[in-house]
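Listed below, chain by chain, are the residues.
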Amino acid sequence: MTERATRSGIPLEPVYGPGDVAGLRYDEALGDPGTFPYTRGRRPPEQAASAWIQRQLSGEGTPIRSNAQLKYLIGKGATGIDVIGDTPTMAYLDPDHPAAAHAVGTQGVSLCCLEDYRELYAGLPLDGLTVSHSLPPLFGIAGFYLAARERGIDPARLRGSVVQPPFYCEDCGYATHMPFPLRLRMTVDSIEFASREMPRFHAFLEDTYYISDGGLDAVEEMALGFVEIRYVVRELLRRGVPVDAFAPRIAILVNCGMDFFEEVAKIRATRRLYARMMREEFGARDPRSLAVNIASHTSGLSLTAQQPVNNIVRGTTQALALALAGVQGIEISGFDEAFRTPSPESHLVGLRTQQVIQLETHVTRVADPLGGSYYVEALTGAMERRIQEMVARIEGLGDPAGLCERGWFRALFQDAMERHAREIRDGVRPQVGVNVHRMAEGEDTLLRDVAERKIEPSRERAERIRGFKRSRDSRRLRAALEDVREAARDTAQNLMPPTIAATAAGATLGEVAWVLRAAYSAPGDPFGMMEPPL
Amino acid sequence: MLIGLLGLDQHEVGAVAVARLLRDAGMEVIYLGRFNFPPGIVKTAADENADVIGLSCHSWEYLHYIDELLALLAAQGLQVPVVVGGSVLTASDERLLREKGVAATFGPTSSVEDIPAAIRSLVTSARRP
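Which chain is which? The protein sequence lines are D and F, in order.
Read the first sequence against the numbering used here and you will find it ends at 534, with the numbers running on by one and no gaps.
Read the second sequence against the numbering used here and you will find it ends at 1129, with the numbers running on by one and no gaps.
It is worth saying that the hints were derived from the structure and are not from the lab.
Worth double-checking, as some hints may not be accurate.
What follows is a set of in silico ranges between Cβ atoms, one per label pair, in the way DEER data are often shown [said to hold, decoys possible]:
| # | chain 1 | residue 1 | chain 2 | residue 2 | range |
| --- | --- | --- | --- | --- | --- |
| 1 | D | 237 | F | 1075 | 56 to 64 angstroms |
| 2 | D | 13 | F | 1091 | 55 to 63 angstroms |
| 3 | F | 1125 | D | 123 | 17 to 25 angstroms |
| 4 | D | 237 | F | 1068 | 31 to 39 angstroms |
| 5 | D | 5 | F | 1113 | 46 to 54 angstroms |
| 6 | F | 1078 | D | 361 | 37 to 45 angstroms |
| 7 | D | 361 | F | 1074 | 44 to 52 angstroms |
| 8 | F | 1075 | D | 472 | 37 to 45 angstroms |
| 9 | F | 1078 | D | 392 | 33 to 41 angstroms |
| 10 | F | 1099 | D | 428 | 34 to 42 angstroms |
| 11 | D | 15 | F | 1125 | 41 to 49 angstroms |
| 12 | F | 1113 | D | 98 | 35 to 43 angstroms |
| 13 | F | 1114 | D | 460 | 23 to 31 angstroms |
Note that CB positions come from ideal geometry on N, CA and C, so glycine has one too.
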């Protein structure tokens, strides 16, 4: 990294002028907000909401505790919710799995059966709220769908999203221990299902946050995101799903680190690249298929255990960049991120930060306020070219699915982690409180008491779920799991309806996952500790 | 030395970085990656004749696994020092771990440059008869 370069290595001039944007044609490269190629925003200024969806990533302990957390945030003005599962849930393990013993509910909410979803959403206006799910897609959709339907809410009215991570989940913290073809099928089946049954729901949320927060730079982040989007889109088209049936509900959840203008340029470049790709390569015609919905979660990796109060400043700076870039939703990582999932205090600070930026700074009164800046436009162009080049380079190496299975991406993630650690260690990347402006331990006390408070695992969950499993109608359950198995063996079927039916019949996440893994010749329980459900 | 994560914790950035740091310092590192449980770690430590077991923590699962790990090592008569590092370690966590018998801890404020030297001195003193 040279001194005058962005974090992803784009060389910078000391100042920018007309010469740097000489070739830029307004109608072709920018266009007004709400017009192709949507560089300046996905909606026309008069229709653009003055506020993005303000939410904070939530989920902790039992579904009941998480429900209280969600209600707390809504009571404080949150306009959407995003729920993340705990580590067992993200790994498709039930809370009574022995490997889950010490991890239930400590880094997200524990969710494994329909009753859990009922409790999670109890009393929330499911038809008037966007509900984002950082959860295993089949199960997050099944739970949301069933919980809403039971309350008389037509699933067609549900809004929100679910992350679809088939390519990178195994390498980046959401390991499923499922083979690639099964992961891809869960993604494509659930998107196809939702395009029919839940047309307002973004069933294809490409999450480039979690893949990049190990240290990928902004170009790598978006290149890998586009590789995954392109692969899944081609798969849906191969099945005969018309592009305009699903593309309006593709969204991207991007990271936002500390390189302010690079992050702004990344978002603007992504909108342009996406619009051109959807129109020119995939033949989309519906304007909603061309104007991608972008939300962001601010970088956890940029936050430090040292001087946690500085993280509030980082979150604010990142959220300002996002507001200026014009995104549809923001979540700010908690100032206690280095230690724990967000405390009530850090949740509130994150939400208040968003409210202050939106209501007091006036930065959103004018659409794309940075548009036309020599620097921002030059950087947007450079970012676009680099992302496009990297996508072409990766796809030129062969089938991305093969690259994934051979560990090519894993090597990239590992290199990025090492590079990040080296840059911090060598001071190439200044981080206040870490490699510059350090403080003696005794002096570094502000907010530390909040940040260091621990969450006990929800051990009662294991016993409760064991009791629940004993209480079920075993014949009905068995038949429902048999249907999942049959569907899994027949790729002409969609996995979503039998997963919904099995969930309604009392099957848990871990049991359905067991049956799916086994149908794809993988060990039903990756740790070999549980009895088969069938 | 062995380096790995415990339980279902998947935050690998620290583990990967320290493994590289120690390799660069000339040590032989067996990277166990994610999803390790005490019995497997102890078995690998015995099979590979490991000098040190290094655990990277970004969840609190270590608090519950560390006793089992130390007990298993003791039961098998393996005198392999265990070191624990990670940003979630607070000063009081570090004290608690040392009281339990963890040989060294590296919290968020430890300086990375010190890690190779600390590991080396552990190996030297463990090898001393």
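Hint by hint, here is what the structure shows:
1. Our hint of 56 to 64 angstroms for residue 237 of chain D and residue 1075 of chain F holds, since their Cβ atoms are close to 58 angstroms apart.
2. Taking the beta carbon of each, residue 13 of chain D and residue 1091 of chain F are about 46 angstroms apart, not inside 55 to 63 angstroms as hinted.
3. Checked against the hint of 17 to 25 angstroms, the pair residue 1125 of chain F and residue 123 of chain D fails, with Cβ atoms roughly 59 angstroms apart.
4. Restraint check, residue 237 of chain D to residue 1068 of chain F: a C-beta distance of roughly 51 angstroms breaks the suggested window 31 to 39 angstroms.
5. Between residue 5 of chain D and residue 1113 of chain F the beta carbons are some 26 angstroms apart, a value that contradicts the proposed interval 46 to 54 angstroms.
6. For residue 1078 of chain F paired with residue 361 of chain D, a C-beta distance near 60 angstroms fails the hint of 37 to 45 angstroms.
7. Distance hint check for residue 361 of chain D and residue 1074 of chain F: the Cβ-Cβ separation is about 59 angstroms, which falls outside the suggested range of 44 to 52 angstroms.
8. Here the CB-CB span from residue 1075 of chain F to residue 472 of chain D is close to 40 angstroms, well matched to the stated 37 to 45 angstroms.
9. Look at residue 1078 of chain F against residue 392 of chain D: about 52 angstroms separates their beta carbons, and that is not inside 33 to 41 angstroms.
10. Taking the beta carbon of each, residue 1099 of chain F and residue 428 of chain D are about 38 angstroms apart, inside 34 to 42 angstroms as hinted.
11. About 58 angstroms separates the C-beta atoms of residue 15 of chain D and residue 1125 of chain F, a value inconsistent with the hinted range of 41 to 49 angstroms.
12. Separated by about 39 angstroms at the C-beta atoms, residue 1113 of chain F and residue 98 of chain D satisfy the suggested range of 35 to 43 angstroms.
13. For residue 1114 of chain F and residue 460 of chain D, the hinted distance range of 23 to 31 angstroms is not satisfied, since their beta carbons lie about 41 angstroms from each other.
Hint check: violations occur at hints 2, 3, 4, 5, 6, 7, 9, 11, 13; the rest are consistent with the structure.
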